[in-house]
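Engineer: Chains as they are written, first to last, in the numbering used here: chain E, 1 to 1016; chain P, 1017 to 1230; chain R, 1231 to 1707.
Honestly, the hints are just simulated from the structure, not real lab data.
The structure displayed is predicted, hence computed values, not measured ones.
Cβ atoms here follow ideal geometry from the backbone N, Cα and C, with glycine treated the same way.
Take the hints with a grain of salt, since some may be wrong.
[As the list claims (entries may be wrong)] Here's a subset of chain E near chain P, in silico, CB distances under 7 Å, partners left out:
1. Ile-70
2. Leu-71
3. Thr-74
4. Thr-856
5. Asn-868
6. Gly-945
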Amino acid sequence: MSEETLKPNYWKSLGQLAKNEEYEKFLHREFPENGSELTDDVSRRSFLKVMGASIALAGFAACRRPVQKILPYTKMPEEVLPGNPLEYATAFPFMDALEGITVENHVGRPVKIEGNRLHPGSGGKTNIFGQASILNLYDPDRSKFVRRDGQRSTVEDFRKFCADYFSDTGRRIAFVAEANSSPTYNRLEDQIEEKFPNAQWITYEPFGENNALEGTNIAFGQRLRTINWFDKAKVIVSFDDDFLNPASTKNSVENTRQFADGRRVMATEEAMSRFYSIESTYTLTGSNADNRLRMKTSDIEQFLYALAAELSNSVSGLSAFSGYSNQFSDHEWIPVLTEELLDNRGDSIVTVGRMHNPDLHAVVSAINKALGNAGNTVTYNEAPHLSDRNNQIRFSELVDELNNGNIDAVVFVGTNPVFTAPADINLEGALSNAQQVIHLSDYYDETSSEANWHVNRAHFLEAWGDGFSYTGIRSIVQPQVRPLYDGVSDIEFLNMILTGEQGNAYDLVQETWRSFYPNNFTTQWEQTLHDGLAGEEIFPEVSVSISGNFNARANEFTAKKESSEGIELVIRPDDTIFDGRFANNAWLQELPKPMTKITWDNVALMSKKTADALGVEAAGLGKAEVEVVSITVDGTTVKIPAWVQPGHADDSITITVGYGHEGMGRVADRAGVNTYPLRTTEHMLYATDISVENTGTLYEIACTQDHHSVEGRSILRHATLQEYRENPDFSSYFEAYGADLPGEAYAEEQGADSPLSIFDAMNEDEYPDYEPQWGMAIDLNTCVGCGTCTLACQAENNIPVIGKREVSRGREMHWIRTDRYYDGDIADPIALHQPVPCMHCELAPCEQVCPVAATTHSEDGINQMTYNRCIGTRYCENNCPYKVRRFNFFNYSEEFLTDGDDPEIIQMAMNPNVTVRFRGVMEKCTYCVQRVNRAKINRDIETDGRTMKPVDGSVHTACQQACPADAIYFGDISDPDSEISRVKQNNRNYLMLEELNTRPRTSYLAELRNPNPKLA
Amino acid sequence: MAQIFPKWADEVPQRLLLGLIIFMTALVAGIWYYFSPEYKAVGYAPEQPVPYSHQLHAGKLDIDCQYCHTTVFESQFATVPPTQTCMNCHAQIATDSPKLAKVRESWETGEPIEWIRVHNLPDYAYFDHAAHVNVGVGCESCHGRIDKMEVVYQAEPLSMSWCLDCHRNPEKYVRPVDEVTTMGYKAANQLELGRKLVAKNNINPPTYCQTCHY
Amino acid sequence: MSTDYQYVPEPKLVKGDHTFGSITELITRTPLSPTPKLWYLAFGLANILLIALLGAITYLIWSGIGIWGLDNTVSWGWAIVNFVWWVGIGHAGTLISAILFLFRQGWRTAINRFAEAMTIFAVMCAGIFPAIHVGRIWVIYWVFPIPNQMGMWPNFSSPLLWDVFAVSTYFTVSLLFWYVGLIPDFATMRDKAKSKMAKISYGIASLGWTGSFRNWWHYEKAYMILAGLATPLVLSVHTIVSFDFAVSQVPGWHSTIFPPYFVAGAIYSGFAMVLTLMLIARKIYGLEDIMNIDIMEKMNLVMMLTGNLVAFAYFLEGFIAWYSGYIYEQGIFWLYVVGPYAWGFWILMFCNVITPQFLWFKSIRRNVALTFIISIIVNIGMWFERFMITVASLATSFLPSTWDYFSPTFWDILTYIGTFGLFFTFFLLFLRFLPMVAIAEVKGAMPEADPHNYDDETKEFIEGSMEPAMVKQEKTV
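Produce the entire structure from the sequences given, and follow the hints as far as they go.
Structural biologist: As C-alpha cells, this is what we get:
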C-alpha cells in the first residue's frame, strides 16, 4: 500500500485547478454566487423554471457591476411563492425501511431534508443518512446516462432491448435486488416471477436482516420482524447490537428517540432505564451503556447461552438450556443480568447484533418470549415483503448455477455485489457465463463495469415510489425535482423488463394504491401525499409461541463449543458510509466517526493491549501517522492502518467495510481500504483463525480529536443517577470544583446575578424588550453522540467539504462538533459525548478583539459573524475558549461548489438564505439566524407589528430539528414560560467554562449514568 | 567652494510640501466621490429585452404595482411577473405589436424572458420586501418615481449608510401601509405622521449586523 | 586611619591615536571609496532572499493563508512570532539613541547610528507580517478609521488596532530621529564627496546644512525633542505588542507581567542583534578603535541585566501559575515543560536563562568571539520565547478536545528567512552609502571636544583640573 495510492489528493488538486477562476472571481466580487443563482443550463433541467441569475460576466469590464439575469416563470404555479420555500412530505428509503421526511423546496430545488413530524417513526427527526441523502441527488459523479458494454447509450435503446430480449418468457433470469419494501415494487416482482417461470428472485443486502428473520424462524417457526420498543423498557441487555447506529440498524431514528425517552430525567424522582452492553468494539451504542462488558465477538454466543441456561432455572420456555454450562457460567455478570431480567419481566429487552448468526437471534427471541417481553417491549411483526427463504444461501447457489450455465440473464437492481459479495463467492468470474448482465445503479460502479447494460437510477427525490417504515407505516415517495440526469426509477426499470414499456412510475404507484383505497381514492391519495403517511397502522403483530423444533435446534448449537483462541477479526459496516453505498457522499466521508473521530478512512480498531502486542502506537497530539498492519484471513491479506480504540476487547480487531472503491466517483475512490476481501460466507461477522502483522509502514489519518481526556477539567459534568438523587446540584460550579465561582461573592454584595465584568458597561440596555432573547440548552444525558446535528448544520448552512488533507491539518469546518472524551482506565473507560456549537457568550471574548468589528452582538443576544466585514486576522478564533470558530484558509466553498465537469450542480444543494463564505473569512454557528429572522419577520407581519417575538417552539435550529434524541433545546429565554427557560431552570443545567464569565447563552444539562452498583 | 545647488533650490522644500498637501486633498476627495455608490450605482439603466415602459403602465395607465409584483407583501421578493401576467392584457391589446414579440414568443415556447436585474444587492446583504412594505416603507422610497421612468434606473445608492439613514430614523420616511404603492405621496407633516406610525406599528428597525448580513 | 585613592581616569571612548580629522577620514572612507567585491557578494545573497520573500508573499496572497501550517486551534503561527521577534530587535536603536542620549551616555555615539539603522529595517521586517497574515489583505484598510459608505468604524477596543497605531508611530519617529541625526554627516559627506552624483545626492539629503551656529542650535533642539518623544515610545511599542497577548484570555497569554517582560526581552534581543552586526562590521571596516571592547562590554552588561530580568519573568510566570490556583494557567505552564512543545521550552531555557549567566565574567564580556556566539544564541532564544508564547499556548488551551499540534510548512519557513533578505538588503545599502557612525556625535564624545583641561602637546588631561564628576577621592580621618 504505497503512499501514493493511500493519499487522496482530490480536493486540493481541484483547488489548484480552480485557482484561476477563483482569482478572477475575487476580482469580480467579494463573495461567490450562492445557491440562489443558477445558470440557464441547470434551470432548464430543473422541475420548475427557476428564478435566479447567472454570472454572465463580460471579463474585467464587469468588475464594476456584474450583470445578473432574472428568469421569471412563464406560468406561475399555484402554490409557489418565490422567496418562501415549500415543504413537501415524502420518505427516504434505506434498504427496506422508509424514513418519513419532509423536503424544503426552494422554487423547484430541494435543499434540505427534515423528519416528518406527523410520522410516528421519525417523529420529525432524521439520522445522518437521511440528512446526507440530499447531497447524493446533486452529486456530479452520479451516473448520468445508460451504458451498453461501457458505451454511452439511451434509455430508449434499453427499452427496445428489453422489449426484444424479454419477449421470450422462457428466459432463465436471475434478479439480484436490494431489499425493498415498496408494494408497487413487490407487485411488479410477483408479476415478473409469474411471467418468467424460470426467473428467480434474490434479495441481497451485505448487511441485511436475514439472520434475525431466520432466528425468529427457528424460535417461532416464522420469519418475523423483531421490533424493540426501547421507551417501554426498564432494562436493556444488548449483545453486540449497535441499535443506535444508522449503519447497524434500519430504524436508528426510532430507536434513538425511544432510547432517549427512556433516559430523559428532568427531576430527581424520574425513572431512567438501565442499559447493559456486551460487545467487542466500542460502538456508539455501547458508549451510552450504564454497564459495559467488553468481550470478544466470538465469545458472545457462549456468553448468551450461559445466560439462557441461568435463566432457564427461573423461567419456563428455555428448558433446552437447563443444565447447560460453559466457561462463562460463573461470570460475575451472569447472576446480575439474571436478577435484573427476572425483576423486570415484561419490561426488559434482550437484543443481539444483526449480523450474529441465526442461533443467537433464536435464543434471544426465546428469552424475550420466556421473560414475557414479547408483546410488550418487544414485538414480532409480519412484514409482507420479507421473502420466506434464506437469501444468503441462495446467493451462493446463484453463482454455482451461473457457472453451470443455467442462467441466461442476471439483473441487478441497485446492488453492487461485485464489490460487496463475500470474497469466497467469485461473482465476477461467474457473470461471464451469462448472456446478459443488466445493472441498475446510482453510480457507474464495480458491478456496472461488469455489466452489458448499465442503467442510471433516479434518486428517490426524483422518482415516484412507496414503501413501509421499519415498523410498517405505509408512505408514498413523491419526487421533488425532475430527474437531473434522466435516471430511471426501480419501478420503471422493472416495468420495462416486464412490459417492454418504461411506463410512468406515478401511474404504477397509483395503480397499487387503488387497492388500498378502493373508494374515494383521490382524496385519500392526496391526504397521504400531504401527510407523508397512510395512517399509523403498522405491520400486524404476531403473538408468538416457541416452535416445536426449537429445543432440538437449541441442543444442536449448544453442543458446539467454539473455542476462541488467538486474535479474532470482526467485520462491521462503516459508521458513516455504511456498506459503501454512501462512499461518494463527501458530507458523510468528512463526518467524524462517532467514537474514533476519524474522517475519510477506515482503520483496524484494537485495544491498547493488543496494539502493544503488535507494536502499534496510538496516534495523538503531534502524531497523525499510525502503523499499517496486514491482516490475513484464509490466505487473503489486506493492509490497513491500525488504530488504538480504548475499551475495545483484547485479542480482537474490528475493521469496517465500504471503503476503497475503484471507479465509483471522485470522492469514493482512493479513500480508505477495501476490506470486503476478508469477508467470506463463513465469516460474515467475524473470523477467528487470522494472522496479523505490523508492516511498520506509516499512514496519515485525518482525526478531528487528538486528545481524549478531560484532564480533570470539569467541562463535561456527569454523575450516576444515585449521586444525582443524593445531590441534585452536583453539576454546579461549587460541587464541581469545591470552591465558589470566582467573583460570585462580590457580585452578590453588589446585587448582581453574575460576576461583574469590565465589559458590563458595554452591555447596558443592549437587549431591548421588544426583541426575543435566544438561548440553547443541550441535554448531555439524552445525547447519544450520533453526529446528526453536525450533518444537519452542514446541510442547512452551506458548510463546504474540505477534504482529507485539510482535515488532517485541523481545519475541519463543522459549526457544531461532538467532542468525545474517555474517562477511566484506557483498557475499559466510559465514553462521554458533548456537542459543541458556538456558545453565543453575552460577554464574548471574540467580539472584544476583532479590529474591524466583524463579530459583534445582536439585540436578540446572538453573537454575530459578519462575513463581508471580516478581514481574517483570526484573533477571535484565538480568543475563543471553546474554539468553535472556523476559518476559510482556502476558497473551500469554490472548490466544493465548482467541482468537475458539471460545475454548478452542487450549487443547487445550497441554501439560498445563507451566504456562501469566501476565502479568508471566519465563520461559525449563527443559531440558524436565517430561520430566526424569517420567523421574526413573519410574526411581525401576522401580528400587524404588535410583536416580533415568535411563538415558543416555532423556531428550530437545524441541529435541534434533526436531533433524534431531542437533546437540543432552543428558544426565547426572556419568556419565563418558554420551554428553554424551564429547561435552564433544571438543577443539572451548567455553563461550560463558567469561571471565565463569558456568560454563554448555550448551556448543558449534566449527564447521568445508571450503573448497577453490584457491578461497580 | 563651488555651490552644488542654484539659489532657487532653497524654495523647493516649501513648494514640494504645498504641492503634496494639495495633491493628497484632491486624491481623498476624488476617492470619496467617485468610489461611492452614489456615483457608481445610481442611474444604472440597462436595456431590457422587452422595452417595457413603467411610465406608460404605472404612470399613464396607473396600474397598481401589485398587479404585477404580486408577492411583495408576503415574500422577500417582489417577484418579476410571469409572462402570463403580460398576456392577461396583451392577449387582446396590441396583440401584434413588434415590441411584444419576445413576450409572445416566451408565451408560446415557455422559455422565460431574461430581464436584467437593476437593483442589485450583494449576495451577503439580505433584503426582505414583505418586512418593509408591511410597516409602510413606500415603493418609491427605494425605487424612486417608477411612474416617471420610461426605462427603469436605480434611483438610490442602496449603500449601507443609506439603509441606516432610514433604520436609524424611520419616522422621516414611513407612510400609512395603504399608501405604500402610491407614487409621489406627500404627508402634510411627515415627522408628526412618522412618529405616530412608528408608535402605532411599534417600528423598531434593527441596526445590528445580522439584520441584513447572514 | 586614612586611605588614599589613586585617580583612575575614565577610559577614552575612542581608542587609538585619533584626531577629529582622522575620525572623519575613518568613517567617510567607506562610503566614498569604490565598492568592494565582498559587498556585491553579500548584497546579491540578500537580494536572492528578498526575492524569495516577495515570491512567498505573492503565492500567499494568491492562494490563501492555508499555505501556512495554521489551523482552527493554532490560528497564529510563525507570522506573529516573527512580527514580535523583529519588533523586539527594533528596540535597541531608539533605546540607545534616545534614552542613553538623555542619560548623557557618551559611549552610545559609537553605535547609535548603526543601531538606529538596524531598528528601522527590523521594524520594516516586522511590519510586513501583521499585514500579510490577514485572510483578505485587499480590505485591510478597514483597520484605519476612514469615513466610509458603510458607516462603520474599526473596533477601538481591539489590541490589534492599538498595534497598528503603536508600530506605525514608532517607525515614523525612529525614522525621523535617524534622519535628523544624519543631517550634519550628510553635509560632511557632501563636502568630501568627489563625484557630482554623490555631491548632489548627499547635498539634497543634507537639506542645505552649512554648519552655522544657527544650524547647530536648531539641530540640537530638534534632536533633544525627538529624543524626548522617542523615549516613551521605546517602552510603549512592546508594551502594546504584549497587549495582543495579555489582553486576550488564552492561558499563557492572559498575564499582567507581559508588558515589562516583553520590553526587557526586546532590549535583550535588540542589543544582541546590534552586537552581532557590530562585531562583524568593526572587523570588516576596521572600526575597532570606535566600536571597541569597552563599548562591547557595556552592551554585554545591558544584556546581562535584561537577560536576567527575562529569566525572572519566566520564574514569575511559573510562580503565578501555581499561586493563582487557576487550573488552566497551571495546565499550560506544565504543558510548556512536559507537553508537546517541551523541546521548545528547554531550548528557550538554555538560550535565555543559562546563556546570560556567562556575562557575569568580565573575561567573557570582553571576549569578542564569545560575545559574538552569545549574541546569536540570545536571538535564537528570543525567537523561541515568542514561539512558545504564541504557538504552544494556543495549541493546548481550555478544552482538551481542541488540542492540536502546529507544524510549519515550507512557506512559513521561507517567509521568515525571506525577511532577512529584506533586512540585509537595506542594511548593506546603509553600510555602503551612509556614514555608519555618527561622525559629529562621536567627536563630541572625544576629549578633544572638551576645550578645557586638555594639553595639546601631551594630548592628556591636566592633573588637578578634573571635573568633579571625574574625581574619585575620599578621605576618612
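Engineer: Determine for every hint whether it applies to the structure shown.
Structural biologist: Verification of the hints:
Below 7 Å, beta-carbon pairs count as interface contacts, and E:Ile-70 has one with chain P at about 5 Å; its hint therefore holds. Contact between E:Leu-71 and chain P, as hinted, is supported at the beta carbon level, the nearest pair being about 4 Å apart and thus within 7 Å. Annotation: interface hint on E:Thr-74 holds; nearest CB of chain P at approximately 4 Å, less than 7 Å. Of the supplied interface hints, the one on E:Thr-856 holds, with its beta-carbon coming within about 6 Å of a beta-carbon of chain P, less than 7 Å.
Interface restraint check for E:Asn-868: the shortest CB-CB distance to chain P comes to about 4 Å, inside 7 Å, so the restraint holds. Taking 7 Å as the C-beta contact cut-off toward chain P, the hint placing E:Gly-945 at the interface holds, the least distance being around 4 Å.
Every hint, counting from the list given before, is met by this structure.
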